[in-house]
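2 protein chains.
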Amino acid sequence: MTSLEHIDGLIAPNSVAIIGASEDPTRIGGRPIAAMLKAGYKGRIMPVNPKRDTVQGLPCFASIEGLPEAPEAALVAVPAKFVPQCIEALGRKGCKAATLFSAGFAEAGEEGEAAQRELMAIAARYGLRLLGPNTLGVYNVEIGYYGTFSSSLDTGFPIQGNIGIASQSGAFGAHLGALARDQGLGCSVLITTGNEADITVADAVRWMAASDSVDVICTYMEAVNDAPALLAALDVARAAGKPVLALKSGRSAVGALAAASHTASLTGDAVVADAVLSEHGAIILRDPESMMDIAYAASKKVFPQQHSLGVVTISGGAGIVASDEAERIGLPMPAMPDAAQAKLLEVLPYGSPVNPLDCTAQALNEPGLLEEFTRAGLEEGGYGAVLCFLTYVAGSEVLSKVILEAMAPLREAYPNRIIAFCALGEPAVLKRYDDAGILIFNDPCRAVRALDAVLRLGAAQSQTSSSTLSAHQPVKVPATSPDEAEAKVLLAEAGIVPPPEQAVHSAEEAVKVAEEIGYPVVMKILSPDIVHKFDIGAVKLNIRDMDGALAAHAAILAAVANHAPYARVKGVLVAKQISGGVECLMGINRDPTFGPVAVFGLGGIFVELLNDVALRACPFGPEAAREMLLSIRCAAILQGARGTEPADIDALAKMLSNLSIFAVGIGERLVSIDLNPVLAMPEGQGAYALDAVIELDSEEVVADVH
Amino acid sequence: MTSLEHIDGLIAPNSVAIIGASEDPTRIGGRPIAAMLKAGYKGRIMPVNPKRDTVQGLPCFASIEGLPEAPEAALVAVPAKFVPQCIEALGRKGCKAATLFSAGFAEAGEEGEAAQRELMAIAARYGLRLLGPNTLGVYNVEIGYYGTFSSSLDTGFPIQGNIGIASQSGAFGAHLGALARDQGLGCSVLITTGNEADITVADAVRWMAASDSVDVICTYMEAVNDAPALLAALDVARAAGKPVLALKSGRSAVGALAAASHTASLTGDAVVADAVLSEHGAIILRDPESMMDIAYAASKKVFPQQHSLGVVTISGGAGIVASDEAERIGLPMPAMPDAAQAKLLEVLPYGSPVNPLDCTAQALNEPGLLEEFTRAGLEEGGYGAVLCFLTYVAGSEVLSKVILEAMAPLREAYPNRIIAFCALGEPAVLKRYDDAGILIFNDPCRAVRALDAVLRLGAAQSQTSSSTLSAHQPVKVPATSPDEAEAKVLLAEAGIVPPPEQAVHSAEEAVKVAEEIGYPVVMKILSPDIVHKFDIGAVKLNIRDMDGALAAHAAILAAVANHAPYARVKGVLVAKQISGGVECLMGINRDPTFGPVAVFGLGGIFVELLNDVALRACPFGPEAAREMLLSIRCAAILQGARGTEPADIDALAKMLSNLSIFAVGIGERLVSIDLNPVLAMPEGQGAYALDAVIELDSEEVVADVH
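Respectively, the protein sequence lines represent chains A and B. Position 394 of the first sequence, counting from 1, maps to 394 under UniProt numbering, and the rest follow consecutively. Position 201 of the second sequence, counting from 1, maps to 201 under UniProt numbering, and the rest follow consecutively.
In case anyone wonders, no lab produced these hints; they're calculated from the structure. Any given hint could be a false lead.
[What the hints assert, rightly or not] For lysine-lysine, the following BS3-like pairs were computed, each having C-alpha atoms within a straight-line distance of at most 27 angstroms:
| id | chain 1 | residue 1 | chain 2 | residue 2 |
| --- | --- | --- | --- | --- |
| 1 | B | K401 | B | K512 |
| 2 | A | K476 | A | K431 |
| 3 | B | K512 | B | K533 |
| 4 | B | K533 | A | K401 |
| 5 | B | K401 | A | K38 |
| 6 | A | K51 | A | K38 |
| 7 | A | K512 | A | K476 |
| 8 | A | K431 | B | K431 |
| 9 | A | K401 | A | K431 |
Produce the complete structure using the sequences and hints provided.
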């Protein structure tokens, strides 16, 4: 079945059966009924309970078989052991979508996993889609559908709006929903996916991307259980212009451990997930608060193309605090053009017309100043967003009317820009601004961060995204991991260049090859059994003549005989010694979730101490590789910082792109590739992989698994 | 007059005169009267206005002279040009404290500065203390004193509590006050210092440190106008156990300087201020929100000694998000002891007893679980704080009673630990927890950050602070900046060791000295006029014998003759060539606010690209220097990362401490000292300053200034 089939029935059903319906509105089987009755759900509610004639005033049915029609959705609130027979009965009845509140499945150990597989098998026979098990369910505010037992509804129903929430964790999803409500923010749907036996967060995102009722998608994930589907869903959302905000937990050592024991999922490497999800346009977040702030800002559907901020303030201090935050997070605050500054100085000689634009406390006497400074920021400053720091002044009952009157016309004159206030006061007063399309934040720094995220979205939408590659040739690799010389031959065929080099099998041959290549050369042992060649003396550098070559060859063989007498020796590699340039490393790791992921960094401490690396899912073209190279913190070193020549970034980018294509070509047997060091020579002089290790699963192992 | 004299009269006066009193409660001269009448200020309010008999129902006086008594405080709300005569009259009348609302002084250019100096002169004659001018004033909630015209009071009065706010910016200070109020947080005083002609934020902090009504001090500063007083005030506050939270704006100006590679320009104002203020115990913040969060947490006056967090959760997801945030900011979350885990697993087999402690949604049915898990975290886990993620569950009217009943006894059983909830719901419901001593946050990550800050305070209180040095000898320095050889002699006397070296004045002498020192040596020109010696070829390395020495000497003189023919040549420096070790730099920069500040970093890209430096105000002892060395991000390199030997950190620390003492000894003529590179040899082998530049103001210049 396709991933979206019958999901509409789960999220926006015309009828729903509650299996294990309860009269008690605080029990799992009673809460959804009570909520739907209260919210005025227009669909048919069919309680199922053999022991009752009515439930909460509704006619109750003794069995699934006895239902008067196939329910579009079913809510299953019975103990785990009864779930299989319910699914069977629902399937036979013709129900195509069931939400399984019941716990005691994959999250509860091996037996539960087996039970969950059994559920899936039954559901598959009937083409029945499952949400859960171990889910808190779904709500759909517009139609009053509350297929959930969340007690978050005890403190109030959600406000209707255009934000959709998809969460693996039920309680955390409901927390996001309640947080939105408490902040006056409107939601459309909440979908919690629990164990994700069938429907995943990816499916929920895909549904929201296509739904008219959702404009902003908030997601919480502990593990990505279906990476291709998730990335495809992100692409669809991006194409639809709907921002996806992603909180992926399990970053910390403690967090990762806890995530493994929660919701039956294993968290992948969070850093890889961050990189891959943001490649596909997701905004990666760490905390619910910033998620709601950005969702709020994005919910107005104004995404200016200018990634720049103007700050208009009645307090110099607040202007500086906001500017500091903007600089910290990289949101540009360009100065106003000189002419515009001069004009504003004429209007208010004691003001500051640069940016922040300080119209001083005089704006309390003349709210027109606020309008004038803000208009200048939008018009002459050309800022994507103008943030006005008005604090309690905006919350004043009297002034709020004057301010709104002055500012509302600007909202209409500049429909594609953002006007935001930092304001304190009664929610009812502040809501008037919001209703007029002016964003309201109570903290200047939170405002700056949320605006930055939305402005980045707008700027990204106006760029063509760097193309990812889809076509690639299969690469033929040996049955077991190749040695260095073999690896370099494979890599060279893929356009990843080693220095001139050749494997030799005698002292005479070593001298001959060295003379062909030209001194100075390096020599190193070729053996699949010796990993730390350098440490045992099986690498020799600075070989400058025949005597040196003979001596080095003998010394290497002696070192191996001495330190690794049982190693398989396949020869000695003689290579041109290349010096100068910038030492880098690049490699591939097969991520369990996202497949081969390329990593790039500078050599030495940059990676070891600073962890200054860039990641990207394979494959990708040279342009994307170039972006990746330049995204590391110390990219300036490649560009010629510290008085050295700029490195050949084009060659490096081509090599990295080729490596990413090569990695995908190898397929599932690839474990990792390690090119360390890669020497990036000065501009125009290329880049060389000086060492290469390719690790493969051996053919038999893979055969075993499949 | 001492810095605290008469400040009580400003902040907690028994009587107040309003000069320029207005009948209109929305005007500057009317607002304070209206506010005090409304708040029930018990002191005598004496309006002064020649045109009226009464003001807002109070008897009004025609002049300051005509007041029936000397007011303890005066509020001056007249145009700038009338302020001097008011001060004069107030002084004659015997008033000792005036708050000057009037603007148009130092903030308004040179004329205003002169006018401000005039005010100060008049005030000084009468021993009259001034707040402002250009201040929004003061309020003191407990006594209902509102010596302010802030319109923040239009949206409500502050709640009485134990937080004090001192702000240079009026509007920003009032924003903090309004923010506290809107969050249900109690304040004691707000003091805004405006132009700080007399009373500064330092004085306000000092007053709050001594005041019974303030337990937590929040400060906002744009410039530190009286550094010694501020640091002394911070020390008093620390000794009194009162946390000082500091928001120092103006960071972004630093960004522009950061690129420069000279030691002196590595230390921007804000970075230095951060370093120095936190040395004195201040908590440095960037945004009002975190300030209020930490103030709230600290206002309970519980500062556990354990810097560790336990998270109890009903949602695995939230537990992970909180853990991720704790790890990100370095708040330890140790696992529960095995025995305690086993016990909790018996209680709840499906729970997770490690940390986060997940008592699952089962806690909704059995609130006793929440108590049991929290108790275990406090007792067996020994955590300084336990954060319970309860979200909307805690906000439920019904459950809140049960939860409070279960948890309140823990609050009493563990008075020196923190119990906090992440909770959503009606403020009135949540306040019940707060009243019982349980902290309430609505965001788990904000909660983690605020708890971390308070736990660090507790941990810091239980440590002895690293001693700063007070005694130091004056250092005699030449009339102008010394050359390298002279600088090194001075430094050597202060215990900052150069390699064996000597200045020479002929080729023969060069050879003789080189042989005494022992080859290899380096040679470099000694000239006050040549800064970039290396670039013009006036430095020679790897000199291995007599021929080399003669050639190098000749080459250096030739290079100078060629590239810098007019430079004053004082000789050639012959020095032992030292290699190996870790390249560092250390230096001193005289900060305009805080005096000599030491900077330490590793050489090369560490400083240039990563800006990885540590700063500390001079002087300090070797222990503080050691902390400083080890506080840089790449300290692992000093400790022997990357397979190299650990560096002689003791020698480096001693050198840095000696340098800090030396810098203070030089006194005000010191501009900067630059030791770059310093070579830290392997452990036990010392550290050498290979190059040294001391920049002094010449004696005449200093004489001019004083």
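For the pair we were handed, K476 of chain A and K431 of chain A, check the Cα-Cα distance against 27 angstroms. The given pair, whose Cα atoms are some 64 angstroms apart, is violated under the 27 angstroms limit.
Given pair status - K401 of chain A, K533 of chain B, alpha carbons within 27 angstroms: violated, 68 angstroms
Between K431 of chain A and K431 of chain B, does the CA-CA distance stay at or below 27 angstroms? Measuring from Cα to Cα gives roughly 24 angstroms; hence the hint holds.
Between K401 of chain B and K512 of chain B, is the straight-line Cα distance small enough, at 27 angstroms or below? Given that 27 angstroms is the threshold and the Cα spacing comes to 91 angstroms, the pair is violated.
For the pair we were handed, K512 of chain B and K533 of chain B, check the Cα-Cα distance against 27 angstroms. Holds: K512 of chain B and K533 of chain B sit about 23 angstroms apart, inside 27 angstroms.
Pair hint K51 of chain A and K38 of chain A, alpha-carbon separation not exceeding 27 angstroms: holds, 24 angstroms
27 angstroms Cα cutoff - pair K401 of chain B, K38 of chain A: holds, 25 angstroms
Check whether the Cα positions of K512 of chain A and K476 of chain A lie no farther apart than 27 angstroms. violated, 31 angstroms
Please verify whether K401 of chain A and K431 of chain A have alpha carbons no more than 27 angstroms apart. Holds: K401 of chain A and K431 of chain A sit about 12 angstroms apart, inside 27 angstroms.
Checked against the numbered hints given earlier, the structure breaks hints 1, 2, 4 and 7 and satisfies all the rest.
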